[in-house]
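S.K.: Listed below are the residues making up each chain.
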Amino acid sequence: MLSADEAADLIEAIASRQDRAAFASLFRHFAPRVKGFIMRGGTDAEAAQEVAQEALIMVWRKAASFDRSRASAATWIYTIARNKRIDLLRRGQRPIDTEDWLLVHAPESEDADKSILAGQTYTKVKELLTGLSTDQLVVIQKAFFEDKTHTVIADELKLPLGTVKSRIRLALGRLREALEKDET
Amino acid sequence: MSRHPAPEELLLDYAAGALSPAPALAVALHVALDPAARRAVDRLNAVGGALIEDEAEASLDDAALDQAMARLDQVAVEPRAVPAVLQPGFEWAPPPLLPHLRPGMGWRRILGKFDEIRLDVPGDAYRVSLLRLEPGHGLPEHKHPGYEYTVCLQGGYTDATGRYTVGDFAVGPGDQRHEPIADAGDPCIALIVVERPIVLTGPWGRWLNPLVHRGII
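Protein chains in written order, with the working numbering: chain P, 1 to 184; chain V, 1 to 217.
Treat the hints with caution; some may be incorrect.
What follows is a set of in silico ranges between Cβ atoms, one per label pair, in the way DEER data are often shown [to be verified]:
1) 99(V) - 135(P): 38 to 46 Å
2) 156(P) - 158(V): 15 to 23 Å
3) 157(P) - 184(V): 48 to 56 Å
4) 84(V) - 157(P): 18 to 26 Å
5) 116(V) - 134(P): 46 to 54 Å
6) 89(V) - 64(P): 46 to 54 Å
Bear in mind the hints are in silico, worked out from the structure with no lab data behind them. Keep in mind that this is a model prediction, so the values were computed, not measured. C-beta atoms are modelled at their ideal positions from N, C-alpha and C, and glycine is treated no differently.
This is chain P alone, in the form it adopts within the complex (with noise of 0.2 Å):
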């Protein structure tokens, strides 16, 4: 297992002095859950190693761009994955901007106390996810992870509309009670 620090440490070592063993530890630990993210939105297993490659080589292109204290290591390699299934599913279009200005250039100032809380975002999350019911996890997971808007969730889970949204803002809105509370 890599900790949420020493994944940010890896990720400091290719930005300072392009560190080809923190880039093959970092590899070796999400590379293939960033695979089985792709795989989960329908893509074969060949094209989400592809995919799981490429996002890893934008983490050693990127990695100077990477700030600890906005995301952790996994919500950037998220962002950096999701982009680069959009373009997976765009294919032929202009490419989005893999950076996620949201965590490279958002101004810092009117949240200026707030930034070091941004790092123990994630950390909080992880734990509140796991107190969350199948139920609500199931549509957490679906919207995340296999590119679904609302309205196709709830045509797989054979849900009305109304209820995949309730669930949805239910979750979220656990979460966000849980995180608000910490950040007043």
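With chain P fixed as given, assemble chain V onto it according to the hints.
M.R.: Okay, now just chain V, sitting in the frame of chain P:
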């Protein structure tokens, strides 16, 4: 806190990468201008990160790592990204809009009352425009058969649903007619994403709708 935030499910679809490029641009601009929306999307991205960390590991070919390592020689570690340069005349444009602006782009006067810049965003189901309204002027009364997303980027406007200022997000009122009027002060600039052509309902509608449908105005 914005008085008119985007619906949370739209933020979720954005963070999950499930939105088409045009609505995704509208949400990105809202997020850029509204700290509360930014925190919400930060949290949702963190959910994505936590889920990926917990994701079952798919097996990789033994050669996968070697192949990736072999490619690193050709891939430089780039210096930290610097914010894109603002184009003159577009100082009000938040960062996510900049890739869509081209040198020489200019406002085109429509109907003598408002100006438009049509943006080229992939995906043909949506029409994406920047609109500029002079204070006190409005759009002709219209309704939306499909979704409409509006993000206010400069100044403000008021319609029957309330007053919208910089960063505010509106989801089109569906069948309801509305007639936004720009507030006093700087001209109101907004990004509008329309799912299908709008329908003008005022006295000029029957003459102008055919032009709207053909994308002329």
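S.K.: All hints, please: hold or fail.
M.R.: Evaluation of the provided hints:
1. At about 39 Å, the CB distance of residue 99(V) to residue 135(P) agrees with the hint of 38 to 46 Å.
2. Restraint check, residue 156(P) to residue 158(V): a C-beta distance of roughly 41 Å breaks the suggested window 15 to 23 Å.
3. In this structure the supplied range 48 to 56 Å holds for residue 157(P) paired with residue 184(V), their Cβ-Cβ distance being about 49 Å.
4. Taking the beta carbon of each, residue 84(V) and residue 157(P) are about 41 Å apart, not inside 18 to 26 Å as hinted.
5. Between residue 116(V) and residue 134(P) the CB atoms are about 49 Å apart, so this pair conforms to the stated range of 46 to 54 Å.
6. For the pair residue 89(V) and residue 64(P), the supplied restraint of 46 to 54 Å is violated, since their beta-carbon distance comes to about 31 Å.
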